[in-house]
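Chemist: Chains as they are written, first to last, in the numbering used here: chain A, 1 to 229; chain B, 230 to 458.
Wrong hints could be hidden among the right ones.
[What the hints assert, rightly or not] Cut-off 20 Å, straight-line C-alpha distance, at most; resulting in silico cross-link-like pairs (EDC-like, lysine to aspartate or glutamate):
no., chain 1, residue 1, chain 2, residue 2
1, A, Lys-118, A, Glu-28
2, B, Lys-277, B, Glu-428
3, B, Lys-231, B, Asp-253
4, A, Lys-120, A, Asp-24
5, A, Lys-120, A, Glu-28
6, B, Lys-232, B, Asp-253
7, B, Lys-372, A, Asp-140
8, B, Lys-347, B, Asp-416
9, A, Lys-49, A, Asp-24
10, A, Lys-60, B, Asp-292
11, B, Lys-233, B, Glu-257
12, A, Lys-143, B, Asp-369
13, B, Lys-278, B, Asp-416
14, B, Lys-289, A, Asp-65
15, B, Lys-347, B, Asp-369
16, B, Lys-289, A, Asp-63
17, A, Lys-3, A, Asp-24
18, A, Lys-60, B, Asp-294
[To be verified] Quick look at which bits of chain A chain B covers, simulated, 3 or more residues with Cβ under 8 Å:
no., region
19, 5-12
20, 51-65
21, 110-123
[Said to hold, decoys possible] Away from chain A, derived, C-beta distances all over 10 Å, residues of chain B:
no., residue
22, Lys-232
23, Ser-270
24, Ala-281
25, Asn-332
26, Ala-341
27, Thr-376
28, Ser-418
29, Cys-433
30, Ala-449
FYI, nobody ran anything at the bench for these hints, they're computed from the structure. Virtual Cβ for every residue (Gly too), placed ideally from N, Cα, C.
Number of protein chains: 2
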Amino acid sequence: MKKKAVVLSSGGIDSTTALAMAKDRGFEIYSLSFRYGQRHSVELACAKKVAAHIGAAAHKIVDIDLRQFGGSALTDDIDVPKHGDVSDIDQEKIPVTYVPARNTIFLSYAMAWAEVLKAKAIFIGVTAVDFSGYPDCRPDFIKAFETMANLATRTGVTGEAVLSIETPLIQMSKSQIISAGHALGVDYSLTISCYDPDEQARSCGNCDSCLHRIKGFKEAKIADPTPYQ
Amino acid sequence: MKKKAVVLSSGGIDSTTALAMAKDRGFEIYSLSFRYGQRHSVELACAKKVAAHIGAAAHKIVDIDLRQFGGSALTDDIDVPKHGDVSDIDQEKIPVTYVPARNTIFLSYAMAWAEVLKAKAIFIGVTAVDFSGYPDCRPDFIKAFETMANLATRTGVTGEAVLSIETPLIQMSKSQIISAGHALGVDYSLTISCYDPDEQARSCGNCDSCLHRIKGFKEAKIADPTPYQ
Numbered sequence: 001m002k003k004k005a006v007v008l009s010s011g012g013i014d015s016t017t018a019l020a021m022a023k024d025r026g027f028e029i030y031s032l033s034f035r036y037g038q039r040h041s042v043e044l045a046c047a048k049k050v051a052a053h054i055g056a057a058a059h060k061i062v063d064i065d066l067r068q069f070g071g072s073a074l075t076d077d078i079d080v081p082k083h084g085d086v087s088d089i090d091q092e093k094i095p096v097t098y099v100p101a102r103n104t105i106f107l108s109y110a111m112a113w114a115e116v117l118k119a120k121a122i123f124i125g126v127t128a129v130d131f132s133g134y135p136d137c138r139p140d141f142i143k144a145f146e147t148m149a150n151l152a153t154r155t156g157v158t159g160e161a162v163l164s165i166e167t168p169l170i171q172m173s174k175s176q177i178i179s180a181g182h183a184l185g186v187d188y189s190l191t192i193s194c195y196d197p198d199e200q201a202r203s204c205g206n207c208d209s210c211l212h213r214i215k216g217f218k219e220a221k222i223a224d225p226t227p228y229q
Numbered sequence: 230m231k232k233k234a235v236v237l238s239s240g241g242i243d244s245t246t247a248l249a250m251a252k253d254r255g256f257e258i259y260s261l262s263f264r265y266g267q268r269h270s271v272e273l274a275c276a277k278k279v280a281a282h283i284g285a286a287a288h289k290i291v292d293i294d295l296r297q298f299g300g301s302a303l304t305d306d307i308d309v310p311k312h313g314d315v316s317d318i319d320q321e322k323i324p325v326t327y328v329p330a331r332n333t334i335f336l337s338y339a340m341a342w343a344e345v346l347k348a349k350a351i352f353i354g355v356t357a358v359d360f361s362g363y364p365d366c367r368p369d370f371i372k373a374f375e376t377m378a379n380l381a382t383r384t385g386v387t388g389e390a391v392l393s394i395e396t397p398l399i400q401m402s403k404s405q406i407i408s409a410g411h412a413l414g415v416d417y418s419l420t421i422s423c424y425d426p427d428e429q430a431r432s433c434g435n436c437d438s439c440l441h442r443i444k445g446f447k448e449a450k451i452a453d454p455t456p457y458q
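Excised from the complex, chain A in its bound form (with noise of 0.2 Å):
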């Protein structure tokens, strides 16, 4: 039997790579994605049109409402921050894009699955490089959640498995990624990343993500098959 693997995918340039790469390490993979109150939802239609060019085994997408408890420009009606060039990003503050919790929230529904499936891994795709600032795309971080992961579960009791949480692209730049998922064959052109799309699924160009999206694209040298406004 396949050795299973749960992806958490947005959709995005990021998370797209984890799952070519969890498949490209052998596993079979459960893609899971969130409906979150997240203004830019054409994102799931992505992740869907991801999880059928990667052959997922199965993907799910999971509702969760986090405007319940507010906090963040991707979920209320703050708005969300437009900048000309990915220097006047401050890579030291956390921006108001940052959802409480959220990838905390992402993993341990990742984690319920994994369970039930009985999968090795989870993979997310979170980088320590372009990470926008937010705390939860941490290394120290992915470590503490494994720590609780494995003490959460069935796992932790009878000692019959060990879930690991793979972060493959942590130390890579988005050029870097844009290159190891050319190389493996993903279509980007089915990838989306922008905070604020308009109606006809096109990338604003000046948010936070769009510019490292552009930026990674042009340092890979890779044509970015994006439409922008």
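Since chain A is already given, all that's left is putting chain B on it; use the hints.
Modeler: What follows is chain B alone, placed relative to chain A:
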């Protein structure tokens, strides 16, 4: 300004006592419950009454769909086990009523709310004594969650606050919990423990949870206000 605590509330004896203890320690209470496909949803009506009884500043019910992943008698069509007496329960075995990753998911949402509220504590009424074999009720798990939580949030980056996970019942038996809550004026007639209540919200008297409750009141020498079938 009064310090704030998010308290996980299921409408049962343990979480209701934890609410009363948090209140007694001077916290402003933010009560958090979940609609997670549990078959015994009468508990949410109890949680609401309890929040009013304790004087919570707010009570939220978050919808989460754990049925998508399956794997528990509490959310699937698996029979809830019935026993003649509490001594028939195998304390070593993880019961079928275990819901994968439940406490992890609950605590993750509590963490999200705590971050937005700038709350200093999350109270969870787990016990390591009558813990029914659930892995995510053990002290090691709670400690690991606390470590992770402090790395996951703005706290971990800015050092501006420290979140603690409070488990005031962790070393208490059911009868000790009932005695302590009784001393704080808790009205246990507002609570429910049963995994399988009937349509009139009367408890079955035979599931693991009922048996622990009955034994608890008996040992505490306090009249059990629960209506049984």
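Chemist: Please name the hints from earlier in the document that this structure breaks, with their numbers sorted from lowest to highest.
Modeler: Structure breaks hints 8, 15, 19, 25, 26, 27.
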